[in-house]
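Asker: Each chain is listed here by its residues.
Number of protein chains: 2
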Amino acid sequence: MTIAHFLPLTDISQADAAACSSPLAREAIAAERADALAHSLKALADPARLRILSIVSAHADQEACVCDLTDQLTLSQPTISHHLKVLVEAGFLIRAKRGTWSYYSLVPGSLTAVGAVLAAI
Amino acid sequence: MTIAHFLPLTDISQADAAACSSPLAREAIAAERADALAHSLKALADPARLRILSIVSAHADQEACVCDLTDQLTLSQPTISHHLKVLVEAGFLIRAKRGTWSYYSLVPGSLTAVGAVLAAI
DNA sequence: CGTAGGCATCGACAACAATCAATGTTACCG
DNA sequence: CGGTAACATTGATTGTTGTCGATGCCTACG
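Those sequence lines, one after another, are chains E and D. Adding 9 to a residue's 1-based position in the first sequence gives its number in the numbering used here. Adding 9 to a residue's 1-based position in the second sequence gives its number in the numbering used here.
Quick caveat, the hints were computed from the structure, so don't treat them as lab data. Possibly wrong hints are sitting among the right ones.
[Unchecked claim] Reference excerpt, derived from the structure (chain D facing chain E, CB under 8 Å, subset only): (1) C29; (2) S31; (3) A40; (4) A47; (5) D70; (6) Q81; (7) L120.
[Unchecked claim] Keeping only pairs whose Cα atoms sit at most 20 Å apart, straight-line, the calculated SDA-like set for lysine to any residue is: (8) K94(D) <-> E72(D); (9) K106(E) <-> S31(D); (10) K51(D) <-> E98(E); (11) K51(E) <-> T121(D); (12) K106(E) <-> P32(D).
[Said to hold, decoys possible] Listed next, the stretches of chain D that the computed footprint assigns to chain E, with coverage defined by at least 3 CB atoms under 8 Å from CB atoms of chain E: (13) 48-56; (14) 59-68; (15) 123-130.
For glycine and all other residues, C-beta sits at the position ideal for the given N, C-alpha and C.
Work out the full structure, taking the sequences as your base and the hints as a guide.
Answerer: Okay, here's the thing in structure tokens:
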């Protein structure tokens, strides 16, 4: 009978850890969740895309067409289309084509959700 | 005397906008703010770095040494050092060297701040 | 129909970033 | 001191990404 019998199992496993290590208060994020979150953040981590989201969000009807963006961003039209595609595929924008124009609008709650996950890390 | 005299100034300026455009409810994000936010998000937009932050945050004393990270991440030690440097320079981690070991801890509120800015876009 | 305008896609290129092996630096220990 | 252990830095490589010109597609309009 040793003192180990009176310790919780986690303390026994800690005996294997390095000397510098301290106990865990909870589980760390899983690898797949980190991958998914990183994917979302990668879509947001570009100045042009952040400005696109902000311009869309600043419109009274929460909608902007590509011409609104080419006016305000000093980028070529193909580049803006590329950024829009990234944001749509990441789930932050949805596209609505009406006539000749394409209108982009925010997916409600998508930015808030990412922000909340970040704050919970 | 035309009808324009009875319209608010914003409507007059809107006359210059393209036909597809809708009125703005507020200002969009400034270019420099977008740059700064993108820089922060770029530091976070990597699975390994998110896991590092989570592992640090999961420790009871909110502190982890490099050996904790090399144990849990399947990455070489130089790569982990590189990610740690990125997170320190972006203002999410601080480094405390004690003896042979380097201990990394979260900068309080840094993640929450980014999350809040995101949600406000 | 033919033409023009709005937008998406393609292909190419340059800049950047993630990774690792090798090496350097610093502190501890015998 | 010499050796070892923990971590940082360097250099090279490879994959990724932002950007643009050229082109294609679709819709409206005369």
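Asker: Against chain E, with CB atoms and a cut of 8 Å, does the hint on D70(D) hold up?
Answerer: Interface hint status for D70(D): holds (5 Å vs cutoff 8 Å).
Asker: Against the 20 Å threshold, does the CA-CA distance of K106(E) and P32(D) hold or violate the hint?
Answerer: holds, 19 Å
Asker: Given C29(D) as an interface hint, is its Cβ closer than 8 Å to any Cβ of chain E?
Answerer: holds, 4 Å
Asker: Interface hint check: S31(D), Cβ to nearest Cβ on chain E, cutoff 8 Å. Holds or violated?
Answerer: Nearest chain E Cβ about 5 Å off; hint holds.
Asker: Taking the closest Cβ pair, is A40(D) under 8 Å from chain E?
Answerer: holds, 7 Å
Asker: Under the criterion that the straight-line Cα-Cα distance not exceed 20 Å, is the pair K106(E), S31(D) satisfied?
Answerer: Within the cut-off at roughly 15 Å; holds.
Asker: A closest beta-carbon separation below 8 Å is what the hint needs, so does L120(D) meet it against chain E?
Answerer: holds, 5 Å
Asker: For the region 59-68 of chain D, do three or more residues have a beta carbon lying closer than 8 Å to a beta carbon of chain E?
Answerer: Since three or more residues must qualify, the claim that chain E covers the region 59-68 of chain D holds, with 8 doing so at under 8 Å.
Asker: Taking beta carbons only, do three or more residues of the region 123-130 of chain D come closer than 8 Å to chain E?
Answerer: Contact hint for the region 123-130 of chain D vs chain E: holds, 7 residues under 8 Å.
Asker: Keeping to a limit of 20 Å between CA atoms, is the pair of K94(D) and E72(D) held or broken?
Answerer: holds, 16 Å
Asker: Quick check: do three or more residues in the region 48-56 of chain D have a beta carbon closer than 8 Å to a beta carbon of chain E?
Answerer: Per the Cβ count (6), the hint holds.
Asker: Grab the minimum C-beta distance from A47(D) to chain E and call the hint holds if it beats 8 Å, violated otherwise.
Answerer: Holds, about 4 Å.
No hint from the list above goes unmet by this structure.
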